[in-house]
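Colleague: Sequence:
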Amino acid sequence: MEHTTRSKPGLITKALRYPMCTQSVLEAMLRIPACAQLECSASGATELPRRLFRSLSSQEKKLWNTEDAPLPLLRYLYAHPRIPTPHADSWDGYPLTRAVASGFIPLVHFLLDKEASPAHKGAIAVHVAIRRRDLRLVKMLIEPDVSPAPVREGELKHDTHKGGKVSIRKRRKSVEEDYGAKKGAKRRRIEDRVSVNAAMLKAAVACDARDIAEYFMKEKSCIPDMETVKLLSAQQSGSERKKTNRHNPGSHHYPVT
Numbered sequence: 003m004e005h006t007t008r009s010k011p012g013l014i015t016k017a018l019r020y021p022m023c024t025q026s027v028l029e030a031m032l033r034i035p036a037c038a039q040l041e042c043s044a045s046g047a048t049e050l051p052r053r054l055f056r057s058l059s060s061q062e063k064k065l066w067n068t069e070d071a072p073l074p075l076l077r078y079l080y081a082h083p084r085i086p087t088p089h090a091d092s093w094d095g096y097p098l099t100r101a102v103a104s105g106f107i108p109l110v111h112f113l114l115d116k117e118a119s120p121a122h123k124g125a126i127a128v129h130v131a132i133r134r135r136d137l138r139l140v141k142m143l144i145e146p147d148v149s150p151a152p153v154r155e156g157e158l159k160h161d162t163h164k165g166g167k168v169s170i171r172k173r174r175k176s177v178e179e180d181y182g183a184k185k186g187a188k189r190r191r192i193e194d195r196v197s198v199n200a201a202m203l204k205a206a207v208a209c210d211a212r213d214i215a216e217y218f219m220k221e222k223s224c225i226p227d228m229e230t231v232k233l234l235s236a237q238q239s240g241s242e243r244k245k246t247n248r249h250n251p252g253s254h255h256y257p258v259t
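Under the numbering used here, the first residue of the sequence shown carries the number 3, and numbering increases by one thereafter.
Any given hint could turn out to be false.
What the hints assert, rightly or not - Under the rule of at most 30 angstroms between Cα atoms (straight-line distance), these lysine-lysine pairs were calculated in the BS3-like manner:
#1 123 / 141
#2 10 / 116
#3 220 / 141
#4 116 / 141
#5 16 / 116
#6 220 / 232
#7 222 / 123
#8 232 / 222
As the list claims (entries may be wrong) - Quick list of simulated restraints, FRET-style, between CB atoms:
#9 238 / 65: 20 to 28 angstroms
#10 117 / 56: 19 to 27 angstroms
#11 36 / 146: 36 to 44 angstroms
#12 216 / 52: 31 to 39 angstroms
#13 34 / 223: 50 to 58 angstroms
#14 146 / 200: 17 to 25 angstroms
#15 83 / 228: 51 to 59 angstroms
#16 225 / 16: 47 to 55 angstroms
#17 192 / 53: 29 to 37 angstroms
#18 200 / 27: 29 to 37 angstroms
Since the hints were derived computationally from the structure, they do not count as laboratory data.
Even glycine gets a Cβ: it sits at the ideal position worked out from N, Cα and C.
Start from the sequences, fold in the hints, and give me the full structure.
Modeller: Here is the structure:
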């Protein structure tokens, strides 16, 4: 979404910029008769403010869940029939990049499902995932998730259309129906969200994320440039030296006194 002086933000976009604007505040606003006809922004979409995602990287935790902020508010914004559909790529993909940086997998899934693109700003979201050395996260960003995401026992997925919840079985059935995953059906090839390039491969090699580098080269047919080849050779030589030293502990040379 472009942010220029000519772009006139809508009422919800303006309200969301203030920290005091919670779901309860929005519900109260929408009950006011004067707000019966919501003024849309020039783009026709609701802008997601950076404040909702800015603090994510500083509060990283091992296990995020679907009730951690800002997911409940985002579900409300997307589900409400009178609120213009939020723009998942607000601020050049800032929400997705922050979600990736904090390892907030449920939020990453949610934003990708709302068509957020990891390609913004030179695919910075992918590069952040590479620096985290998280192959699962890298694959999630690159490859469209056409199968149900892993869900822990007892976990339910929110139905953003009705505000309720649906079971894992119903979720799986809906995905299969959407993508034609029926017995005997030929699955249609879906293009990656972003193309893997030499810069991504170089970043993976530089931070010694060997599983990611292998994934890029073997599964995505990414060809390394000369500088990356040198890095790979240096890493391989270093690994061989370490292996030799482990197998021959007496091969070290000590100074004679």
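Colleague: Could you run down the list of hints and mark each one as holding or not?
Modeller: We went through each hint and held it up to the structure:
1. A hinted pair counts as satisfied when its Cα atoms are at most 30 angstroms apart, and residue 123 with residue 141 qualifies at roughly 18 angstroms.
2. Among the hinted pairs, residue 10 with residue 116 is consistent with the structure: their alpha-carbon atoms are about 23 angstroms apart, no more than 30 angstroms.
3. At roughly 13 angstroms between alpha-carbon atoms, residue 220 and residue 141 fall within 30 angstroms of each other, so this suggested pair holds.
4. With a C-alpha separation of about 17 angstroms, the suggested pair residue 116 and residue 141 falls inside the 30 angstroms cut-off, and the hint holds.
5. The hinted pair formed by residue 16 and residue 116 meets the criterion: a straight-line CA distance of about 21 angstroms does not exceed 30 angstroms.
6. Of the supplied pair hints, the one linking residue 220 and residue 232 holds, its CA atoms being roughly 18 angstroms apart against a limit of 30 angstroms.
7. Between residue 222 and residue 123 the CA atoms are separated by roughly 21 angstroms; this keeps the pair inside 30 angstroms, and the hint holds.
8. For the given pair, residue 232 sits about 20 angstroms from residue 222 by alpha-carbon distance, which is consistent with the 30 angstroms threshold.
9. The given range of 20 to 28 angstroms is broken by residue 238 and residue 65, whose C-beta atoms sit roughly 36 angstroms from each other.
10. Range check, residue 117 to residue 56: about 22 angstroms between beta-carbon atoms, so the 19 to 27 angstroms window is met.
11. With their beta carbons about 42 angstroms apart, residue 36 and residue 146 fall inside the hinted range of 36 to 44 angstroms.
12. One distance hint, 31 to 39 angstroms for the beta-carbon pair residue 216 and residue 52, holds here, with the actual separation near 35 angstroms.
13. The given range of 50 to 58 angstroms is respected by residue 34 and residue 223, whose C-beta atoms sit roughly 57 angstroms from each other.
14. Taking the beta carbon of each, residue 146 and residue 200 are about 23 angstroms apart, inside 17 to 25 angstroms as hinted.
15. For residue 83 and residue 228, the Cβ-Cβ distance of about 56 angstroms falls inside the hinted range of 51 to 59 angstroms, so the restraint holds.
16. Separation of residue 225 from residue 16 is about 48 angstroms and conforms to the stated range, judged on CB atoms against 47 to 55 angstroms.
17. Checking the proposed 29 to 37 angstroms range against residue 192 and residue 53 shows it holds: the Cβ atoms sit about 34 angstroms from each other.
18. For the hinted restraint 29 to 37 angstroms between residue 200 and residue 27, the CB-CB distance of approximately 48 angstroms leaves it violated.
Hint violations for this structure: numbers 9, 18, all remaining hints satisfied.
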